[in-house]
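Build out the structure end to end from the sequences listed, making use of the hints.
Protein chains: 2
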Amino acid sequence: MATRPAPALDRERLTTAAFAELAEAGIDKLSMRRVAARLDVQAPALYWHVAGKDELLGLMAAEIYSSAEAVAAADWQGWLTGFGRGLRASLAGHRDGARLCAAARPKAGADAARNAERIAAPLVALGLDRDTALSRRASVTSFTLGWAIFEANGPMHDFLGQMLDFDASFEAGLAALVQGFAVPR
Amino acid sequence: MATRPAPALDRERLTTAAFAELAEAGIDKLSMRRVAARLDVQAPALYWHVAGKDELLGLMAAEIYSSAEAVAAADWQGWLTGFGRGLRASLAGHRDGARLCAAARPKAGADAARNAERIAAPLVALGLDRDTALSRRASVTSFTLGWAIFEANGPMHDFLGQMLDFDASFEAGLAALVQGFAVPR
DNA sequence: ATCTTGATTTAACACCGTTAAGGAGTCAAG
DNA sequence: CTTGACTCCTTAACGGTGTTAAATCAAGAT
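Protein chains in written order, with full-length UniProt numbering: chain A, 1 to 185; chain B, 1 to 185.
Only true hints are included.
Because identical chains cannot be distinguished in the list, a pair is counted as satisfied if it fits within a single copy or across any two copies.
Restricting the straight-line Cα-Cα distance to at most 16 Å, the calculated cross-link-like pairs of lysine to aspartate or glutamate (EDC-like) are:
| no. | residue 1 | residue 2 |
| --- | --- | --- |
| 1 | K107 | D158 |
| 2 | K53 | D28 |
| 3 | K29 | D54 |
| 4 | K53 | E12 |
| 5 | K29 | D96 |
| 6 | K53 | E21 |
| 7 | K107 | E63 |
Hints listed in this document are in silico derivations from the structure and should not be mistaken for laboratory results.
Structure follows, in structure tokens:
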């Protein structure tokens, strides 16, 4: 009658524990052993559920990215602006989020074409053709990720922070980028 | 009679060896021990010249950034465009250059204000006020660094590369950003 | 009862960054 | 000539890392 007991671990529990450890200790201290300890398990057990640390970091990065996916907007300019703001918030919402996303390589889904379609979809629905959608979304992603890295850089932040309003400058850059796409060439 | 023998090591030789090792082995394999071995020296010797691995990475990142500093341009739009292109080339010119710059924290000079002045100078000379210069340069730096990370991301590259021209899209994004700054609000 | 499979443990390997202690050489002062 | 200080490097070691191999243990299937 007793069905096979639910395994103690799965991918989701791994990433949850990894995020918890990240929040507490930061990315430099984030190790397989510490994640395992948090789950009351020995480190090699993790390798049953995940190929290696790279894959775990990839899953985490994917979660950060995907939590910025849902944007409500009336035109593609609004969508890109909302997406940029959401992504920045998502990156800032996890300790070392930007550094994590810079280091990680989220695994590409099996079907490249379908993935690209999904990524372009919200902008295509607002009137852009697929290649333009991909290109502009890549630009906003890059700008935002770069900004988050820039902003999270301790020394840089200290020595620019006195004379630069990061929030205002991000908004200015994002607005310039999005509006710049509409400028006739 | 023999004068004090020139020390075998100095900071510059360290970074040179580190860049060589980076080019050969990639950032994941770049270790103090391997850099030391390349210099025919034991690892702890490096710590006489450098506070730790972080500082070494910081020196490397500073070198990458600074090699994009010299830009000739007639107006601030031209300067920002040239700077973006140069920075992208510099990042692409070193294996894992983008990941390195994302992970490293270049040491801020002692005097923050003077540093900011130096960074803003070329744009101030072309007519921007200092705060605007800092803000726009930060935007271009962020966009370019983010793009380089994006582009260097293996899986992402593979699955977007078929339908996205990275060179053209970078140029489009950079142009949009720079032109967007000139759009009246 | 035996076998198979899933999920974990123990033990170990080959590294890593970093520190402590010390030694060899060169210089200046006594 | 000796002494001491200073520079620069070595050897040894500590505590940690990601990862693999092999053994183990529980549960369902035959």
